[in-house]
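Visitor: Listed here are the chains, written in short residue letters.
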Amino acid sequence: MSEVRVLVGTRKGAFVLRSNEQRKDWTVEGPHFPGWEIYHITGTPADPARLYASQSSGWFGQVIQRSDDAGKTWEPVSNEFPYDGTPGTHQWYDGTQHPWEFKRVWHLEPSPTNPDSVYAGVEDAALFHTNDGGKTWRELPGLRSAKGNLWQPGAGGMCLHTIILSPDDPNRIFVAISAAGAFRTDDGGASWRPVNQGLKSEFELPDATAEVGHCVHSIAMHPSRPNTLFMQKHWDVMRSDNGGDLWREVSGNLPSDFGFPIAVHTHEPETIYVVPITSDSHHYPPDGKLRVYRSRSGGGDWEALTKGLPQSHCYVNVLRNALAVDTLDSCGVYFGTTGGQVYVSADSGDNWMPIVHDLPPVLSVEVQFLP
Amino acid sequence: MIKVTLPTHLRTLAQVTGPVDLMVEEPVTQRAILDALETAYPMLRGTIRDTVTKERRPFIRYFACGEDLSHEPADAAVPVEVAEGKQPFRIIGALAGG
Chain A
2 MSEVRVLVGT RKGAFVLRSN EQRKDWTVEG PHFPGWEIYH ITGTPADPAR LYASQSSGWF
62 GQVIQRSDDA GKTWEPVSNE FPYDGTPGTH QWYDGTQHPW EFKRVWHLEP SPTNPDSVYA
122 GVEDAALFHT NDGGKTWREL PGLRSAKGNL WQPGAGGMCL HTIILSPDDP NRIFVAISAA
182 GAFRTDDGGA SWRPVNQGLK SEFELPDATA EVGHCVHSIA MHPSRPNTLF MQKHWDVMRS
242 DNGGDLWREV SGNLPSDFGF PIAVHTHEPE TIYVVPITSD SHHYPPDGKL RVYRSRSGGG
302 DWEALTKGLP QSHCYVNVLR NALAVDTLDS CGVYFGTTGG QVYVSADSGD NWMPIVHDLP
362 PVLSVEVQFL P
Chain B
98 MIKVTLPTHL RTLAQVTGPV DLMVEEPVTQ RAILDALETA YPMLRGTIRD TVTKERRPFI
158 RYFACGEDLS HEPADAAVPV EVAEGKQPFR IIGALAGG
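Protein sequence lines, in the order shown, are assigned to chains A and B.
Per the numbering used here, residue 2 is the first one in the first sequence, and the count goes up by one each step.
Per the numbering used here, residue 98 is the first one in the second sequence, and the count goes up by one each step.
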C-alpha cells in the first residue's frame, strides 16, 4: 500500500507523520530521540527504508543516526566531522579571525542513487561526505578555500544549510551558507567559487554587492531545470537562470521579501513557494496572518495562499528547512512552524490543513512518497 | 569493576537502563574510565568529551563521593571508593536554568 511519509525534525525530537495519497488522515509517530534537537531528518531516494537524522544537544554534542528499516530502529553512526588539516580561521563577530569549530550538522543530502553516499552541511560552515553510510565523514576542504577567511557568522550561526546535487551533472553541487552566500563546484567538490553576483545586501554588508557575505537563507531547484535556481535571501527573493552566475530579484508584490524557506512545485518548474516573514527583527508573518505565497511565473507575481491557515493572531516562523513538496500527481506542499504545527496542502497550496498542532518548534520537514 | 552512571539521554543512546560496569586497569583515572566507557559503548564517543582533544564537553560534569571532580586532571587517580567499585563515577549534564 502506498504511503506518504513526512519526516519532521523539532527542537525536542523527531516525528514521522504517515498518510495515504489522499493526505487527509494521518498517524503520528514519535518522538524519536526525545529531548534532542533534530536539525534534519531525511530519507534516501535510492532506498526508502534508509533514513538519516542529525541529532544534537548543547550538552552532548552531535550524533548522527541511521535507520535501515524506515525508522523502526536506529543506529548511531559516526559523529566525527574532522576539518581537513589545520582548520584555519574565519572572521569572528568582532572582525578578528577565529578558528573553525564544529558545532552541529544542519543538513543531510543523500545521493539520488546510492543510499550510502550522503553530504552533510555543518556549522561552522563546511561540507562533509560519507561513502559508507555514515561510518566515516570526510571534508571537502576546497569549499572553505572560497574566501572562507572572510566568512562571518550571523546571529543564527555560520551554518551550511542547503546542498543541491545537480541532477544532470554529478560534478556540480550548490551549497548555501548563512552570512557567506551561495557557492558552486563543477569538479565534484575539489574547487568551489562564490556565485553571488546580482545579490544586494544594503542593510547587512558595507559593500552591498560583495563577492561573499550575503545571508542566503535557502535555495531550491526543479530537477528538470538544473540551471535555474530560486533563492530566499535574508531580504529578497532571487532567481538565477545560469547556475548562479547571475541573480535577479523576483520579490515582486510580496508583502515582505524577508523569509527563510523556498520550494519549487514538483511538476511545474515555474511555480515556487515562499513564506514571507515581517522582518529580520520581527520573525513572524506580516499582520499576524500565516500566508504561503505562490508564484506561477517563477517569481515576480505572487498570490497569497490562506485557506486553512490562521489569518489572525499568528506569530510563528517557518524555518529554512521546514518547507517541502511531495511527488504525487496533485503536488503536496508541507511546512512546519516554530509553534509546532505541521500543515499540508494536497492541492499545490490552494487548501491547507494542520496535520499536528502541538509539536515542539519545527526545524525541518521532508516528505517521501512510497508507491 | 568500576560503576559509571550516565545522564538519561546518554543511557538512552547507549541502550542501557542503569549504571554500567567497566573493567578498568589501574591506575584508575578519569581518562582510563572514559576510555573504557567509549570502548564498551562507542556511540558515546564525542558526547562526553571531544573526540580529538579528549577535553570534557562544557556542560558535562563528573561527580563522585560527594565531590565535583570535573576540574581534576584527567590523569589524576579517582577516589579509592570509585576505584574499588564502592561508589559510582557519575557523569552529569550540567544544570541549565530557564
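I should point out that these hints are in silico values taken from the structure, not numbers from a laboratory.
Bear in mind the structure is a predicted one, so any value in this text is a computation, not a measurement.
Incorrect hints may appear among the rest.
Unchecked claim - Simulated crosslink set (SDA-like; lysine to any residue; CA at most 25 Å straight-line):
| hint | chain 1 | residue 1 | chain 2 | residue 2 |
| --- | --- | --- | --- | --- |
| 1 | A | K104 | B | M120 |
| 2 | A | K73 | B | R128 |
| 3 | A | K136 | B | E122 |
| 4 | A | K104 | B | E164 |
| 5 | A | K104 | B | E135 |
| 6 | A | K136 | B | D132 |
| 7 | A | K104 | B | A191 |
| 8 | A | K136 | B | A137 |
| 9 | A | K13 | B | R128 |
| 10 | A | K136 | B | V149 |
| 11 | A | K13 | B | R154 |
| 12 | A | K73 | B | R154 |
| 13 | A | K73 | B | K151 |
| 14 | A | K104 | A | D70 |
| 15 | A | K136 | B | H106 |
| 16 | A | K104 | B | H168 |
| 17 | A | K136 | B | H168 |
| 18 | B | K151 | A | T90 |
Visitor: Next step is simple, just say for each hint if it's right about the structure.
Guide: Hint check:
1. A:K104 with B:M120: Between K104 of chain A and M120 of chain B the Cα gap is close to 32 Å, so the pair fails against 25 Å, i.e. violated.
2. A:K73 with B:R128: violated, 35 Å
3. A:K136 with B:E122: Roughly 29 Å between the alpha carbons, so the hint for K136 of chain A and E122 of chain B is violated.
4. A:K104 with B:E164: violated, 30 Å
5. A:K104 with B:E135: Given pair K104 of chain A, E135 of chain B holds - Cα atoms ~21 Å apart, limit 25 Å.
6. A:K136 with B:D132: At roughly 20 Å apart (the allowed maximum being 25 Å), D132 of chain B and K136 of chain A satisfy the hint.
7. A:K104 with B:A191: It holds: about 18 Å lies between the C-alpha atoms, which stays within 25 Å.
8. A:K136 with B:A137: holds, 17 Å
9. A:K13 with B:R128: Distance of about 31 Å is beyond 25 Å: violated.
10. A:K136 with B:V149: holds, 17 Å
11. A:K13 with B:R154: holds, 21 Å
12. A:K73 with B:R154: violated, 30 Å
13. A:K73 with B:K151: Violated - the C-alpha atoms of K151 of chain B and K73 of chain A are around 33 Å apart, more than 25 Å.
14. A:K104 with A:D70: violated, 28 Å
15. A:K136 with B:H106: Holds - the C-alpha atoms of H106 of chain B and K136 of chain A are around 22 Å apart, at most 25 Å.
16. A:K104 with B:H168: Cα-Cα ~23 Å, so holds.
17. A:K136 with B:H168: violated, 32 Å
18. B:K151 with A:T90: Measuring from Cα to Cα gives roughly 22 Å; hence the hint holds.
Of the numbered hints stated above, those contradicted by the structure are hints 1, 2, 3, 4, 9, 12, 13, 14, 17, listed in ascending order.
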